[in-house]
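Quick note, the sequences are listed as chains F and C, same order.
Counting along the first sequence from 1, when you hit position 51 you're at 51 in our numbering, and nothing is skipped either side.
Each position in the second sequence, counted from 1, maps to that position plus 181 in our numbering.
These are calculated hints, taken from the structure and not from any lab test.
Yeah, the Cβ is synthetic: ideal placement off N, Cα and C, and Gly gets one too.
Take the hints with a grain of salt, since some may be wrong.
Claimed, not checked - Cross-link-like lysine-lysine pairs, in silico, BS3-like; alpha carbons within 27 Å at most:
1. LYS60/F x LYS101/F
2. LYS136/F x LYS562/C
3. LYS525/C x LYS60/F
4. LYS484/C x LYS266/C
5. LYS484/C x LYS60/F
6. LYS60/F x LYS570/C
7. LYS266/C x LYS60/F
Claimed, not checked - Derived CB-CB ranges, DEER-like:
8. VAL56/F x ALA585/C: 53 to 59 Å
9. ALA559/C x ASN91/F: 29 to 35 Å
10. ALA135/F x VAL446/C: 55 to 61 Å
11. ALA295/C x ASP175/F: 51 to 57 Å
12. SER92/F x ALA280/C: 55 to 61 Å
13. ILE259/C x GLN74/F: 51 to 57 Å
14. VAL26/F x LEU469/C: 17 to 23 Å
15. GLU529/C x GLN130/F: 34 to 40 Å
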Amino acid sequence: MSHESQKTSAPWPKRLIRLAVLGYFVLFALLVVATGFLRGFFTPPASQPIAFPHTVHADKLGLACDFCHSGVEQEASAGAPALSLCLSCHNSIATDRPEIKKLLEYERRGEPVRWERLHALPSFIHFTHQRHIQAKLTCDACHGAVEQMAEVRRVRSLDMGWCVSCHREKGASRDCATCHK
Amino acid sequence: MLPEIQNHLVLLKWLLIVLIALVCPLLALMLGGTTASLASIGITRRTGQKDSPAWVNALLKRANPSAQHDTLVVLTVIASLLLFKIIYRPQLFSNLAWAGLIWMLATGLGLMVACRYRLTGRGLLDRAALAEGGIGVALVTVSYFALACTESLLLTPEYWPRMAGLPYLFLSWHGLARFAEFILLTGAITGNALLFSSPAQRPPEADLPPDGGAHRIGAWLALGSLFLWPVVLCLDMALIPALAASRLLSGLAVLSILLAASGVVWLAMYLQRRQGQFTHLFIGIVLLLFWCWAFMGHVAREKILIPATLAGLAPKPKPDTAKPQPDAAKPQPDAVARGTVDGKSLFEQKCTVCHSFDQRVVGPPLNDVVPNYSAQPAELKSFLQNPVKRNPDYPAMPNLGLTAEQAEAIAGYLLQQVSP
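Use the sequences and the hints to build the structure in full.
In structure tokens form, the structure reads like this:
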């Protein structure tokens, strides 16, 4: 950057350069925001229809995970519990709380609770809980300490790299057809 | 983790972020200053000159002004690394690797400091000092790279348990982006030091002093670093694990781009000699950029490393063979920790939601059902451990995952309560 040339340069290319520099930074600022949008940084996590606390049920009451997620050992998906299961207790427990009133309201309308799915693999992936539970993996290996979460959140990426790195460590199959339909 | 640490975790995290914010600019200045000085000495030696330009000494003195200052930097680096390990579940990093990293960083810094004292003391034709400085710079760079990758592996915890066994997983693309960011910040702060280390601030009208072009190099270094900043930042945002990202993080990223832009504007004005007097403004901008960057790391860690995640990742004790259902039935940690199993408190903790002795709640009144078992306590124990459907008037009792000991204690308590 020679000082002579700066002194003699006409104002308009200078202005152009200034604009270009400004544009450059603004462009990248927008790009960062756009990346955020595309990767879903700004969408808040879906809130559940009923604020169900795992802390109370799985930790304080000590209910086993498969008491509610009964499909986890036999079926492919763990599944959310049926309303009737909740009501086996909540017909008489804490019926005055707003969240439980909502629950009873579902019962009155004869409508199932539509829980928001937090964990969802793409449809071309073949995943069963059964095989993993049989391999003596505990729930928290993949879901974190759910019993300590007042509101469940995903703690793992569910990316292919995640599946494969564990399969490599445990010596499970890494053939593409194992997981890809 | 010690309970005291658990109790003060938030405080410790803030301490860590303050330490990082303090030490990173100093570390960067030491690294950049030494590198720039060594490079310039190398060049002057090659061209056969005897003396290094005065700005080299000035720069070296600016990068590590005094023995106390240098000791402080090294100690702060060590302290923040130790704190990092304490806060983020020590058992997930191997002690050996962490100690090695600390040793490498401290040695590198020590060598750089030694090199500075030799060079400013004895003049420059000291090969040993040059080699010392070079090794120091290399050590610090390599260990910072390892650190950046570790930091971003913290954000993708799925790799944690495997880190010890598979060293190649140590490299992560996001870590690489963070490392590049640090290098750019180093460039910016070194450029700043070069700009203002040249002897005697020139009056605005004077020509360039014979400073070996330090001024120009400094300006270009800072300008180039600031210009590259948004590119690398975009890369960072594209690579960061989605679970670690948040609105705040994106906001900070945009803020840092704005800071870089204002740095460029300031530099342009300075180079046109319009406002040479506000030299503190530029170092202020660079420092803000540093802090913004350090805080971004903190925000990302806070988003993903919630205690429940960490708890799920902690290595578990070897499965207890006596336990009937190792998967579903986890004993309550507090009950186990107490050692003695107390039937009464266990009952109050686990059963009173559904049972009372004298009336129907969810389950039957215990005064009615428990006496059936007074002849065969073992039956009661096995029912508690593995409830089966009994009375069609009631829903099934869930399996509460009691251990054999707990069931025994509760059964004893119940039978004792209902016996007349």
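Against the structure, the hints come out as follows:
no. : hint                            : verdict
1   : LYS60/F x LYS101/F              : holds (21 Å)
2   : LYS136/F x LYS562/C             : holds (26 Å)
3   : LYS525/C x LYS60/F              : holds (16 Å)
4   : LYS484/C x LYS266/C             : holds (18 Å)
5   : LYS484/C x LYS60/F              : holds (26 Å)
6   : LYS60/F x LYS570/C              : holds (23 Å)
7   : LYS266/C x LYS60/F              : violated (31 Å)
8   : VAL56/F x ALA585/C: 53 to 59 Å  : violated (26 Å)
9   : ALA559/C x ASN91/F: 29 to 35 Å  : holds (33 Å)
10  : ALA135/F x VAL446/C: 55 to 61 Å : holds (59 Å)
11  : ALA295/C x ASP175/F: 51 to 57 Å : holds (55 Å)
12  : SER92/F x ALA280/C: 55 to 61 Å  : holds (57 Å)
13  : ILE259/C x GLN74/F: 51 to 57 Å  : holds (53 Å)
14  : VAL26/F x LEU469/C: 17 to 23 Å  : holds (19 Å)
15  : GLU529/C x GLN130/F: 34 to 40 Å : holds (36 Å)
The structure is inconsistent with the numbered hints 7, 8, although it conforms to all the rest.
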